[in-house]
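Start from chain S and add chain Z according to the hints.
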Amino acid sequence: MTAEGRAARAARQAEDRELLRRYHERGDTSAREKLIARHLPLVRSLARRYAGRGEPLEDIEQVGAIGLIKAIDRFDIEREVSLATYATPNVVGEIKRHFRDKGWAIRVPRSLQELNAKMSGAIDDLTARQGRSPSVTEIAESLGTTNEEVLEALEVGSAYSALSLDAGPGGDEDGSEPMETIGNVDAEFDRSEDRATLGPALAHLPEREREILRMRFEEGLPQTQIAERVGLSQMHVSRLIRRSLAAMREELE
Amino acid sequence: MAERVEVEAPLDFAYQGVIRLIAGGVAEQASFGFEAMDDLQLAIERLLAETGGDGRVSISFEISDGGIRTRIGPLREQRLAEALQEPDGDTGTLSLRRILSTVVDSFGVEEAGDGQIVVRMEKLGTPRS
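Same order as they appear, the protein sequences are chains S and Z.
If you use the numbering used here, the first sequence corresponds to residues 423 to 675, in order.
If you use the numbering used here, the second sequence corresponds to residues 8 to 136, in order.
Chain S with its partners taken away, still in its complex shape (with noise of 0.2 Å):
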């Protein structure tokens, strides 16, 4: 490297370390907004590694992301070690999680992961169509195949989060007719007039990620609406809501 170079990379260090200091020691969010952005290419260079193994690029890029952001929140401004050195293994380490997490998934058949990908298109154009959210019927007549491979097809973008389930066996009668309760909501859980806004949980998500949950769970969105607002298809509006509540359980444990 030449001085130049180690001079430029020096002063881009120390622009880190204001913007951290602004960020953990003055609770400047501004400050961590621009750390985020500018190491997002780090971010994208390493997720392009690990393109070509079943997973839009893209995912993988906002997975690693998601390990940007705790490399910054987690980072101790004491230590004499640059960002991008520390955020690296953080980024690297939640991308390798989320294949291994996905790793029953990326096994499956690639007839099945190019139906998946069909899938996108077929659901927003039959939406678009119909006026309404198609049944997975209607999906498989579109795409000539059955309805089971459509579920299967499904899955295949769907799992991210590690269920985490404890109970026991059973299961119970209450002797009430089925479906009497639809549209009903029991006093103890009346939510109309709960109407909080959306915890601190969420400034660790990525912008987007951070708005469409905020059209999701603040307005009430269909996930239709939200796809046209943000310029994406309905299925992965669907998988970036589905990650975004499993990111944010992880933050919390």
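Derived, one-sided and incomplete: chain Z residues facing chain S with beta-carbon distance under 7 Å: (1) Leu28; (2) Glu35; (3) Phe41; (4) Ala56.
Hints listed in this document are in silico derivations from the structure and should not be mistaken for laboratory results.
Positions of the beta carbon are idealized from the N, C-alpha and C atoms, including for glycine.
Frame of chain S; chain Z shown alone:
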């Protein structure tokens, strides 16, 4: 006459896809559109994610009149009840209560004895016409 589907599955990540597939198949039988099916799957996924620990879970689906009632449990009461009643903002996250309120039409808790509960969720399908 309602149709009923029941499944008992290990509380393990490896079975997440199985549960989602079954929920998807049940939703299709109830003539749900993609979005309603996705909502039901998300509700189950987030509820189970809040329970924590190992073991097994029973899930039953009752299909009737364009809707599905899902019952999940018995589950340990305290942790889940807290998650369901948790106001947004207190824990710095989007609460389970808010998520379920958005993606299902109603939900509630039934006592299952021994300090455990069964969570009941009702979801209507999207009209086809």
